[in-house]
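*Asks:* This is what each chain is made of:
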Amino acid sequence: MDINVLYVFDMIGTAAFALSAVIPAIRKDMDLFGIFTIAFVTAIGGGTLRDLLISAPIVWLHNMTYVYIIIGTVILAVIFRNRLIYMSESIAFFDTIGLSAFTLIGIEKAMDAGYSVLICIAIGTMTACFGGVIRDTFLNKIPVIFVKEIYATASIAGGIVFFSLLNVLPNTYVYVITGLVVFVIRSLSKRYHITLPTVQLKK
Amino acid sequence: MDINVLYVFDMIGTAAFALSAVIPAIRKDMDLFGIFTIAFVTAIGGGTLRDLLISAPIVWLHNMTYVYIIIGTVILAVIFRNRLIYMSESIAFFDTIGLSAFTLIGIEKAMDAGYSVLICIAIGTMTACFGGVIRDTFLNKIPVIFVKEIYATASIAGGIVFFSLLNVLPNTYVYVITGLVVFVIRSLSKRYHITLPTVQLKK
Amino acid sequence: MDINVLYVFDMIGTAAFALSAVIPAIRKDMDLFGIFTIAFVTAIGGGTLRDLLISAPIVWLHNMTYVYIIIGTVILAVIFRNRLIYMSESIAFFDTIGLSAFTLIGIEKAMDAGYSVLICIAIGTMTACFGGVIRDTFLNKIPVIFVKEIYATASIAGGIVFFSLLNVLPNTYVYVITGLVVFVIRSLSKRYHITLPTVQLKK
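Protein chains in written order, with the UniProt record's numbering: chain G, 1 to 203; chain X, 1 to 203; chain S, 1 to 203.
Calculated directly from the structure, the hints in this document are not laboratory data. Each hint should be verified, as a subset may be incorrect.
Calculated cross-link-like contacts (lysine to aspartate or glutamate; reagent style EDC-like; alpha-carbon spacing at most 20 Å) [what the hints assert, rightly or not]:
| hint | chain 1 | residue 1 | chain 2 | residue 2 |
| --- | --- | --- | --- | --- |
| 1 | X | K141 | S | E89 |
| 2 | S | K141 | G | E89 |
| 3 | G | K190 | G | E89 |
| 4 | X | K141 | X | D29 |
| 5 | X | K109 | X | D51 |
| 6 | G | K202 | X | D51 |
| 7 | X | K202 | S | D29 |
| 8 | G | K148 | X | D29 |
| 9 | S | K190 | G | D29 |
| 10 | X | K190 | S | D29 |
| 11 | S | K190 | S | E89 |
| 12 | S | K202 | G | D29 |
| 13 | X | K148 | S | D29 |
| 14 | G | K141 | X | E108 |
| 15 | G | K190 | X | D51 |
| 16 | S | K148 | G | E89 |
| 17 | X | K148 | X | D51 |
| 18 | S | K109 | S | D51 |
Some, not all, of what chain G presents toward chain S, calculated at C-beta under 7 Å [unchecked claim]:
| hint | residue |
| --- | --- |
| 19 | F33 |
| 20 | V59 |
| 21 | V176 |
| 22 | L180 |
Because the structure is a prediction, the values reported are computed rather than measured. Built from N, CA and C at the ideal position, the CB exists for glycine as well.
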């Protein structure tokens, strides 16, 4: 795939992930520094964990665009905070683009570093999901993706599709189809409130 | 010590640590992905922190056996979840084997990397205990090993025994005795409800 | 600046940060191991994150002085715990020295590693603040610096002053003025209960 397209989606995802932290942080009475930090950690947490695990340089330390995008997003989000409450549909839309982009970038980086298929899928999923896990931990909540959302599952499904199609279709198609699979699974499950099963213990 | 024996114990410990997360995750209404993730993090968290600190390659990224064992353990644990409640004795038994094995592996890796005695003991303890700390943090609880269990203490005691005997006895004995010390201290303290002292503040 | 002075302040900060964890850990009924671990993580957490991010060797793995200082601090703090309650002014004083020292050390290390100005300020702030964030997370609280304290903000202000003066004044002055800026902002905001603004959502 043209890497620049992926890079644009990456930036959209970074902004959307930062945005996802602003309203919950305000609700927890955090001050402006707290709001910014939570937004920052949510946006870069997944990529940081990925880079630490695969011993790659931490991407946002070397490319300031991420930092600028997060700063800009937080400033705008705080100013327009009362409108954001009514924009949850749009925010979810961009967040899902971020999920797709982060999954693809994670897989690509792990593959370039020579890891096995299963590990590449795991790293794609971590890249996409770990930021939200830290966000919820700092907000003193059980991470939402562990409890009820089909979120990581969309990312895992994308990873499986990616490696099923790799070397079968041209790379551009593999990337586009994977991104769409993640996007569609996440969007449909959100819209129709489809959740993963939980299991019960006998009373 | 024959490294293969330690490796077998390592795998038993990995399964036991993964297992230790399944019932608490079910009780917190986590979905199947959440259960798996908590189990995974509990099993590999200590080793991952160790490898990050000593700049070693992350072990489970390169040896898929860990991943397969965790997947298999979670599947079986979810299927037989109602029996697990009555098996806490057996689970604790294997968990304690894991504690011993992880302590030894952590010490060995840190020693090979040339760290001082105190740091090797600390890294052995982290390898054995950090997974449980992340588990409890994600479950939104104060980590249990900070509050009432003699768990890390068994690991630290093992480390002290290890370096007291090193270069005095043959390595095989050092490993076996250390493993037994950890196992016995943990088992006895659990059985007889021995806890470390807490301290009180004057009212 | 004479690096040895900074090193002395670093040690004072390490002790103060360890100390800051002891009373809250006792209040949460932690046992002696729990108290020590929380103190340890609070004291070395920021530096560890910094070293992981910039791929430097983890400092406390190679310089045992940190470990000894933390052990000694915790022992003394537990023994004199009932007096500590009446010493919060003095503890805050040393904690603020630690904040200044850790900020400077973080900036210096990041600068030596060749990072950009904004990243150096961020790494200085993380070095100074991340230990407290982990402490509060393990204590199962929302990190205090996200909610009401001017703490990180003092560190950020110091970073801005540092790079404003660098190559303008001799290095010794840059270090001293930066340290004083952090110290004064933190001290005044604490004394006069100045906080960063929070924002409200429309009802």
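*Asks:* Could you run down the list of hints and mark each one as holding or not?
*Replies:* Hints, one by one, checked against the model:
no.: 1; hint: K141(X) <-> E89(S); result: violated (31 Å)
no.: 2; hint: K141(S) <-> E89(G); result: violated (31 Å)
no.: 3; hint: K190(G) <-> E89(G); result: holds (10 Å)
no.: 4; hint: K141(X) <-> D29(X); result: holds (15 Å)
no.: 5; hint: K109(X) <-> D51(X); result: holds (9 Å)
no.: 6; hint: K202(G) <-> D51(X); result: violated (39 Å)
no.: 7; hint: K202(X) <-> D29(S); result: holds (13 Å)
no.: 8; hint: K148(G) <-> D29(X); result: holds (9 Å)
no.: 9; hint: K190(S) <-> D29(G); result: holds (19 Å)
no.: 10; hint: K190(X) <-> D29(S); result: holds (19 Å)
no.: 11; hint: K190(S) <-> E89(S); result: holds (10 Å)
no.: 12; hint: K202(S) <-> D29(G); result: holds (13 Å)
no.: 13; hint: K148(X) <-> D29(S); result: holds (8 Å)
no.: 14; hint: K141(G) <-> E108(X); result: violated (37 Å)
no.: 15; hint: K190(G) <-> D51(X); result: violated (37 Å)
no.: 16; hint: K148(S) <-> E89(G); result: violated (31 Å)
no.: 17; hint: K148(X) <-> D51(X); result: violated (28 Å)
no.: 18; hint: K109(S) <-> D51(S); result: holds (9 Å)
no.: 19; hint: F33; result: holds (5 Å)
no.: 20; hint: V59; result: violated (11 Å)
no.: 21; hint: V176; result: violated (33 Å)
no.: 22; hint: L180; result: violated (34 Å)
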